[in-house]
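Student: When you get a sec, could you build the whole thing from the sequences and use the hints?
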Amino acid sequence: KQEVTQIPAALSVPEGENLVLNCSFTDSAIYNLQWFRQDPGKGLTSLLLIQSSQREQTSGRLNASLDKSSGRSTLYIAASQPGDSATYLCAVQGSNTGKLIFGQGTTLQVKP
Amino acid sequence: DAGVIQSPRHEVTEMGQEVTLRCKPISGHNSLFWYRQTMMRGLELLIYFNNNVPIDDSGMPEDRFSAKMPNASFSTLKIQPSEPRDSAVYFCASKQGDIRNQPQHFGDGTRLSIL
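For the protein sequence lines, the chains are A and B, in the order given. First residue of the first sequence: -5, per our numbering; consecutive thereafter. First residue of the second sequence: 8, per our numbering; consecutive thereafter.
Just so you know, the hints here were simulated from the structure itself, not pulled from any lab data. All of these numbers come straight from a predicted model, not from anything done at the bench. Please note that a few of the clues may not be correct.
Which residues of chain B face chain A? A partial, calculated answer using Cβ under 8 Å [claimed, not checked]: (1) A9; (2) L50; (3) F98; (4) Q111; (5) G116.
Every residue gets a Cβ at the ideal spot worked out from N, C-alpha and C, and that includes glycine.
Tutor: Here you go:
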C-alpha cells in the first residue's frame, strides 16, 4: 500500500530565504508526482506535475525534483515571499489507478 | 473558465439528516473525483468517475455514502443518514483527457458539520 510522508509538518522562515520541502513515498511504481498548494479555506491548486520519466519540473521560483528509485521528491522555493505562506501537499498517482495518494502536507509561514 | 464549482460552501445539520453535496466540473473535463479532508486522516479519495461512470469507489467509507454523476456537468455526493464523524471538508476535483498525466483542478470545498 502506497504511503506518502512529508517532512517537516510545519516550517517558518524569514522572507527571502530559499527553502526545501520534502516528500517520500513507499512504492516507486508511480505514474506521476504532483505538488499542490492549499490556502486556508480554499481548495488545492496544482503547482507542478512530474511524470515518472522526468527528473524535475520548474515554474517560476519553484523547482520540483523526483527520484523514483529512492522514493523521494523535493520542492525548492527560491527567494521566499510572505505570499508563499500556505500548506504544500505532495501526491503520487499509482500505476494501476487514477487515484492520488496525498501526504499530510507541510504548512509554511514566511515572515516579512 | 469558472473552475470547479461546489455547493453549498458550508452545511450544518443534525445527526440523522440527509446531506447532499453538489459539484459542477470544469467544462470539457471527463474525470471527476470526490475527496474528504480531516485533520486526523488528511485528504482521502472517496470515489472517482471517468466519462460519468464510477471507476473506483473503494474509498467510500460506508453504505451511508453514495455518489452519482448523471451527466458530464454535474455530480452529487449524498450521506444518509449523516453522523457527527462525517464532519469534514469535502472536495470535488476534475481533470481533462488521459487520467495519468493531467493535473486535477479542485473546487473550494464544502465544509460539513454534523451536530
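Student: Of the numbered hints stated previously, which ones are contradicted by the structure, given in increasing order?
Tutor: As far as the earlier hints go, only 1 is violated by this structure.
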